[in-house]
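Going by the numbering used here, the first residue of the sequence shown is number 39, and it counts up by one from there.
Some hints here could point you the wrong way.
[As the list claims (entries may be wrong)] Pairs of lysine-lysine residues, derived as DSS-like cross-links and limited to a Cα-Cα distance of at most 27 Å, are as follows:
1. 114 <-> 157
2. 60 <-> 79
3. 141 <-> 160
4. 141 <-> 105
5. 49 <-> 105
6. 95 <-> 105
7. 79 <-> 49
8. 52 <-> 95
9. 95 <-> 49
10. 160 <-> 114
[As the list claims (entries may be wrong)] Pairwise CB distance ranges (calculated):
11. 63 <-> 168: 15 to 25 Å
12. 124 <-> 71: 34 to 44 Å
13. 101 <-> 163: 33 to 43 Å
14. 156 <-> 113: 11 to 21 Å
15. 125 <-> 63: 39 to 49 Å
16. 102 <-> 162: 26 to 36 Å
Keep in mind that the hints were calculated from the coordinates and are not lab data.
C-beta: ideal position from N, C-alpha, C; glycine also.
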Amino acid sequence: MQVILLERVEKLGKMGDVVTVKDGYARNFLLPQGKALRATKANLEYFEKQREELERKNAEARAAAEKDAERMEGAKLVLIRAAGEAGQLYGSVSTRDIANAVKDELEVEVARNQVILDKPIKMIGLHDVTVRLHPEVTVTV
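When you get a sec, could you build the whole thing from the sequences and use the hints?
Below, the structure is given as structure tokens:
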């Protein structure tokens, strides 16, 4: 299925690109979340009319994300968990825990799907965590 991207989508393209994706990906992810439109003549015309407004909204969202990223850059979060003598945590630190800590300590709204963990945190110690505030703005905490 061909779709018009309404925002930058990682590994797919930037706003305004007409790309071909699998039907299920378009129906179940891109279209419901408002990240794309079906590539029909009517939608192409609609997109061209709305392009400036979409670019303005994207620029505003990016500016807000960059402002939050400045506040978060290099911040240190402390999460207290029970651990065994060898440093093994009972359970693990999840993306939800990190999102809540960012919200409480840094006063920045972060959804848990914006927190990117390479692997679950199961040992005590210092860990770098990436937070994607906008498709074009990421910060390491």
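CB of residue 63 to CB of residue 168, is that within 15 to 25 Å?
This hint holds: roughly 23 Å between Cβ atoms.
Would you check the hint for residue 49 and residue 105, treating anything up to 27 Å between C-alpha atoms as holding?
Since the Cα atoms of residue 49 and residue 105 sit roughly 25 Å apart, the hinted pair holds (cutoff 27 Å).
Given the hinted pair residue 52 and residue 95, is their Cα-Cα distance within 27 Å?
Distance of about 15 Å is within 27 Å: holds.
Consistency of beta-carbon spacing, residue 163 to residue 101, with hint 33 to 43 Å:
Given a distance of about 35 Å, which is inside 33 to 43 Å, the answer is holds.
Satisfaction of hint between residue 157 and residue 114, Cα-Cα up to 27 Å:
Roughly 19 Å separates the two Cα atoms, so the pair holds.
Hint consistency between residue 141 and residue 160 [alpha-carbon to alpha-carbon, up to 27 Å]
At roughly 22 Å apart (the allowed maximum being 27 Å), residue 160 and residue 141 satisfy the hint.
Using the beta carbons of residue 125 and residue 63, state whether their distance is inside 39 to 49 Å or not.
Cβ of residue 125 to Cβ of residue 63: about 40 Å, so the range 39 to 49 Å holds.
Within 11 to 21 Å: is that where the Cβ-Cβ distance between residue 156 and residue 113 falls?
19 Å, holds
Satisfaction of hint between residue 114 and residue 160, Cα-Cα up to 27 Å
The given pair, whose Cα atoms are some 18 Å apart, holds under the 27 Å limit.
Residue 95 and residue 105: Cα distance at most 27 Å?
15 Å, holds
Would you say the C-beta atoms of residue 124 and residue 71 sit inside 34 to 44 Å of each other?
42 Å, holds
CA of residue 141 to CA of residue 105, is that 27 Å or under?
15 Å, holds
Every hint, counting from the list given before, is met by this structure.
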